[in-house]
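Protein chains in written order, with the numbering used here: chain A, 53 to 348; chain B, 19 to 316; chain C, 39 to 364.
In short, the hints are calculated from the structure, not lab data. All residues carry an ideal CB built from backbone N, CA and C; glycine is no exception. Any given hint might turn out to be false.
Unchecked claim - Derived contacts from chain A toward chain C, CB cut-off under 10 Å, selection only: (1) Leu122; (2) Cys123; (3) Ala126; (4) Leu334; (5) Pro338; (6) Gly340; (7) Leu342.
Unchecked claim - A few chain A residues that don't get close to chain C, going by computed Cβ distances all over 12 Å: (8) Leu56; (9) Val129; (10) Gln162; (11) Arg222; (12) Val243.
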Amino acid sequence: MTGLLQLVFDGVVVGAVLALAAAGVSLVYGGLRIINFAQGDYMTLGAYVALGVSSGLRLGMVAGVAAATLCTSAFAVVLEPVLWRPLRRARAGVLSLFVTAVGLSLVLRQGILFAAGGGFQQYRVDAYSAWQVSGLRFPTEEVVAGAAALAAILTLATLLSRTQLGKALRGLADSPELTAISGIDPDRLAVVVWALAGALAGLSGVLLALVETSFDTNLGWDQLLTVFCAVVLGGIGSTYGALIGGIVLGLVMELATWSGFAGGVPASYQLVVAFVALVAVLLVRPTGILGRSRIL
Amino acid sequence: MADAGTSGEARAEGGDVGGPLLDVRAVGVTVGGVRAVEHATLSLREGAFASLIGPNGAGKTSLLHAISGFYRPSAGEIHFGGRRIDGWPPHRVAASGLVRTFQRGRVFARLSCLDNMRLGARDHPGEQFVANLARPRARRRREAEVTSEARELLAAVGLGPKADDLAGTLSGGQRKLLEFARALMCRPKLVLLDEPMAGVNPTTGRQVMERIAQLHAAHSLTVFFVEHQLDVVMAMSDHVVVMAEGRVIKSGPPEEVRSDQAVHDAYLGSRRRREAVGRRGDEALAARAPGRDEAGLR
Amino acid sequence: MSSVFNVQFWAYVGVIAGIYGILAYSLQLQHGFCGLLNFGQVAFMALSGYTMAILVVKAGLGLWAASAAGLAVAGVFGVLMGIPTLRLRADYFAIVTIAVGEIVEYLASNMTSLTGGAAGSINLLGPQNAASYDGAWQDAVSRVQSWLGHAIGSAATATVATMAVVWVLLVLVALAVWFLVRSPWGRVLQAIRDDEDAAAATGKNVFRFKLQVLAVGGVIAGLAGLLFAFESATISPTDYDPTITFYAWTILVLAGTTSIAGVPLASVVFGILFAGVLFFTFPPFSYLGSADRSYLQLMIVGAALILLMRLRPQGLLGNRQEMLLG
Ligand SMILES: Nc1ncnc2c1ncn2[C@@H]1O[C@H](COP(=O)(O)OP(=O)(O)OP(=O)(O)O)[C@@H](O)[C@H]1O
Ligand SMILES: [Mg+2]
Chain A
53 MTGLLQLVFD
63 GVVVGAVLAL
73 AAAGVSLVYG
83 GLRIINFAQG
93 DYMTLGAYVA
103 LGVSSGLRLG
113 MVAGVAAATL
123 CTSAFAVVLE
133 PVLWRPLRRA
143 RAGVLSLFVT
153 AVGLSLVLRQ
163 GILFAAGGGF
173 QQYRVDAYSA
183 WQVSGLRFPT
193 EEVVAGAAAL
203 AAILTLATLL
213 SRTQLGKALR
223 GLADSPELTA
233 ISGIDPDRLA
243 VVVWALAGAL
253 AGLSGVLLAL
263 VETSFDTNLG
273 WDQLLTVFCA
283 VVLGGIGSTY
293 GALIGGIVLG
303 LVMELATWSG
313 FAGGVPASYQ
323 LVVAFVALVA
333 VLLVRPTGIL
343 GRSRIL
Chain B
19 MADAGTSGEA
29 RAEGGDVGGP
39 LLDVRAVGVT
49 VGGVRAVEHA
59 TLSLREGAFA
69 SLIGPNGAGK
79 TSLLHAISGF
89 YRPSAGEIHF
99 GGRRIDGWPP
109 HRVAASGLVR
119 TFQRGRVFAR
129 LSCLDNMRLG
139 ARDHPGEQFV
149 ANLARPRARR
159 RREAEVTSEA
169 RELLAAVGLG
179 PKADDLAGTL
189 SGGQRKLLEF
199 ARALMCRPKL
209 VLLDEPMAGV
219 NPTTGRQVME
229 RIAQLHAAHS
239 LTVFFVEHQL
249 DVVMAMSDHV
259 VVMAEGRVIK
269 SGPPEEVRSD
279 QAVHDAYLGS
289 RRRREAVGRR
299 GDEALAARAP
309 GRDEAGLR
Chain C
39 MSSVFNVQFW
49 AYVGVIAGIY
59 GILAYSLQLQ
69 HGFCGLLNFG
79 QVAFMALSGY
89 TMAILVVKAG
99 LGLWAASAAG
109 LAVAGVFGVL
119 MGIPTLRLRA
129 DYFAIVTIAV
139 GEIVEYLASN
149 MTSLTGGAAG
159 SINLLGPQNA
169 ASYDGAWQDA
179 VSRVQSWLGH
189 AIGSAATATV
199 ATMAVVWVLL
209 VLVALAVWFL
219 VRSPWGRVLQ
229 AIRDDEDAAA
239 ATGKNVFRFK
249 LQVLAVGGVI
259 AGLAGLLFAF
269 ESATISPTDY
279 DPTITFYAWT
289 ILVLAGTTSI
299 AGVPLASVVF
309 GILFAGVLFF
319 TFPPFSYLGS
329 ADRSYLQLMI
339 VGAALILLMR
349 LRPQGLLGNR
359 QEMLLG
């Protein structure tokens, strides 16, 4: 029983962290029709920025997290006029946008490798500190990461449901043509979308690195599949859906390893479990949990 | 050009014997959380030349989507030629002889007009993966048939010179003509036309309607078309169905519809409309209002 | 590291480029002519390669029979993948296929008893017993080599012969795609690409056509997977890395998505670009270590992709006017 509770805890933490990245993918797809293949590498970028600030500059982990969020966001924003705006002007299709994102992902990942080198990295935190409560172990950084991720999720959800901007963003996902006639300046909107998506990726990346305790330049790339699964599971373009999808997926992946569940799936099959869960949901609900069905 | 289907003659003799060709019973359609059509009931006899009118947003297009299988009705039944077709996928409905066109004229933009037309044909062995490879003679024979038919029909709607141009280069009106001609390629029993004249210049529009009327007369093609130009509707159709606010409020011969008070009200201001609908004992209108607001937000 | 003028090296590049070109044709049929965005095509390569290797090594089947089985498995997998995913909206389909590509590689590394695990097909008979499957292929290649020898003498090495075989197959695939696309069957595919709803409204069973094109594309990709396996004598999961799909997409986009003649040209350009980076041995690149240089190689590939999309989204032989028709 304690084993199960431990898995629930782990699942929620990992799920919440992935949910952030998934929400970023969802925002970008919903608003700009870009399947951001580079989202994983944005996460890695965040993790390395935090490493530079917290360990390199010795400014501590809090500054590291803040820097990761801001720098990744800034990076994503800078690329908007440089990379995406001209493509939008040229009415590039989903494929051109996707291929550009693939190229960007390659450049970023190899660029980080080039700059930071291969090999595993760790933050300067005490990896062994943990709270023990009646047989359950709550490693400090997991608790902190989980709390930060949940706080960010709540903030994002509030932003989306309460503010005018959030409503506009959600509306976009259903009919992108609407922006053209709704009077919202598409360039400004794109900047906002990228700022949010970048911040979410950076934050998610540094938190993921904390949870995994050691990481390399494949940190985000390795999670890309899970992040995309979360997006589709929740319903593409639905940011709430992506948040829910991330947490559900985190839970499913951890709980599948529970020994009470048919002896437990080996940890190396967690990704397969995530994928099977995705296909199962899509068979029942082809639009994901919160996605809308196609309208003529 | 006159011969769009020899089998049409045979069908004409059997007309009017059985039940209605199309029978829509208490159909409801929900689109993105909005109830676009409610409890719509209508029937068309074989050989009818019927029209569907109503103010913008009345639910005409949504009803056509439901009949042609693109939307699954949330309530009610649809029967075509004696078979229940609601729940059928669109391609099956089309293959059974009920073909529709789209309001904004949907063509295959990166194919030539001729190819667009050929795609309308039924029973082409070349479209079957195995037969395409295994029966080259049958494929070629049918292809030749289909091509000559396609050229004839293209010429009939005035697109003959455009046969080899990509359909994406056509104007909006030309696309509607092409789409209509494509629909005729499969020799349908019933065509549903969503505003065939909209966006087409008035002269051509009239020619198209005349062409439709000819085909109707020659081959007992049953026609059901949505149109906003009431003079055309009243002059040409033998049966008029009126929708407003998602409901069928009247159906009958043009004279009868023309003199109906509820129909007049439906085309006037909202205050009058509400009264009119209220008179018909329809309190559902009030219940629908929140649903619409929700849609407005999205 | 080879010299720029080494024929063997370029023949090898030609082999790989040709295989990617065949893979690009499978994507062209599915995307250029049917509008499907399949980013998991490498899965079909892996399935047919592994099926072939397992059947030869474990079931003792002949190479050619096992290869046919591999192609069949790839085709069937297209249908299996299509059933749950094709009912999805196009964008869901695209994203799910990314996952499919990764999952197959993942399974190949983890199902050790079936696939030999991370060590690859050499481990199929267990650690002490190095497994090999490509005897019949080697024989075939040496026969081609001796024919070629009559024509071009000592330049006809095994690699050159392999390249010849691969490119002949590429041309055959091109002809098959060309035939299919201009047949009435291919016309329906293009109709689906242009407007799925209108295609359904003309009575075409869109789902069935898409399943068929996934199966046919799967077989073509399976052929690329087999060639990959033959050429490298032993396969491991990383040989079927998901990035391979993106290289093939690069070739397709470079060619122009509907340009059949563009694919071989784009394959050559891609091969030269990709391998050419290896020869950046002049300053400032010569100051870098070999690891750094390989990072740089992929960065340049990525940057080339971005530039291509920016400057010539319709590809080398594509038609921009046509691309924008809607
Ligand atoms: N995609 C959609 N999302 C939400 N609501 C929709 C959608 N399409 C239609 N509706 C709603 O359904 C109702 C009926 O629309 P429909 O298109 O059937 O009207 P129509 O009678 O064809 O109008 P028109 O004459 O303007 O073509 C309208 O109230 C409309 O707001
Ligand atoms: Mg309408």
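Point to revise | Val129 of chain A non-interfacial with respect to chain C [C-beta, more than 12 Å] | key: The claim holds: Val129 of chain A sits with its nearest Cβ about 17 Å from chain C, beyond 12 Å.
Practice item. Find the nearest Cβ of chain C to the Cβ of Leu56 of chain A and say whether that gap is larger than 12 Å. Key: holds, 25 Å
Exercise for review: Would you check whether Leu342 of chain A satisfies its interface hint, that is, whether its CB is within less than 10 Å of any CB in chain C?
Suggested key: Cβ of Leu342 of chain A sits 13 Å from chain C, so the hint is violated.
Review point. Can we keep the Gly340 of chain A interface hint, with Cβ of chain C closer than 10 Å?
Key: This hint holds: Gly340 of chain A lies near chain C, its Cβ roughly 7 Å from the closest one there, short of 10 Å.
Check your understanding: When you look at the beta carbon of Gln162 of chain A, is every beta carbon of chain C farther off than 12 Å?
Key -> violated, 4 Å
Practice item. Report holds or violated for the interface hint on Pro338 of chain A, using the least CB-CB distance to chain C and a cut-off of 10 Å. Key: holds, 5 Å
Practice item. Test the statement that Arg222 of chain A is away from the interface with chain C: the closest C-beta pair must be farther apart than 12 Å. Key: holds, 17 Å
Exercise for review: Tell me if Ala126 of chain A is really an interface residue toward chain C, meaning its C-beta lies closer than 10 Å to one of theirs.
Suggested key: violated, 19 Å
Review point. For the hint on Leu122 of chain A, does the least C-beta distance to chain C fall short of 10 Å?
Key: Not OK, violated: Leu122 of chain A not within 10 Å of chain C, min 25 Å.
Review point. If you take the shortest Cβ to Cβ gap from Leu334 of chain A to chain C, is it below 10 Å?
Key: holds, 6 Å
Point to revise | Cβ separation check - Val243 of chain A to all of chain C, threshold 12 Å | key: Answer for Val243 of chain A: holds, closest chain C Cβ roughly 19 Å.
Practice item. Please verify that hint: Cys123 of chain A, Cβ, nearest Cβ of chain C, below 10 Å or not. Key: violated, 20 Å
Hint compliance for this structure: hints 1, 2, 3, 7, 10 are broken, all remaining hints hold.
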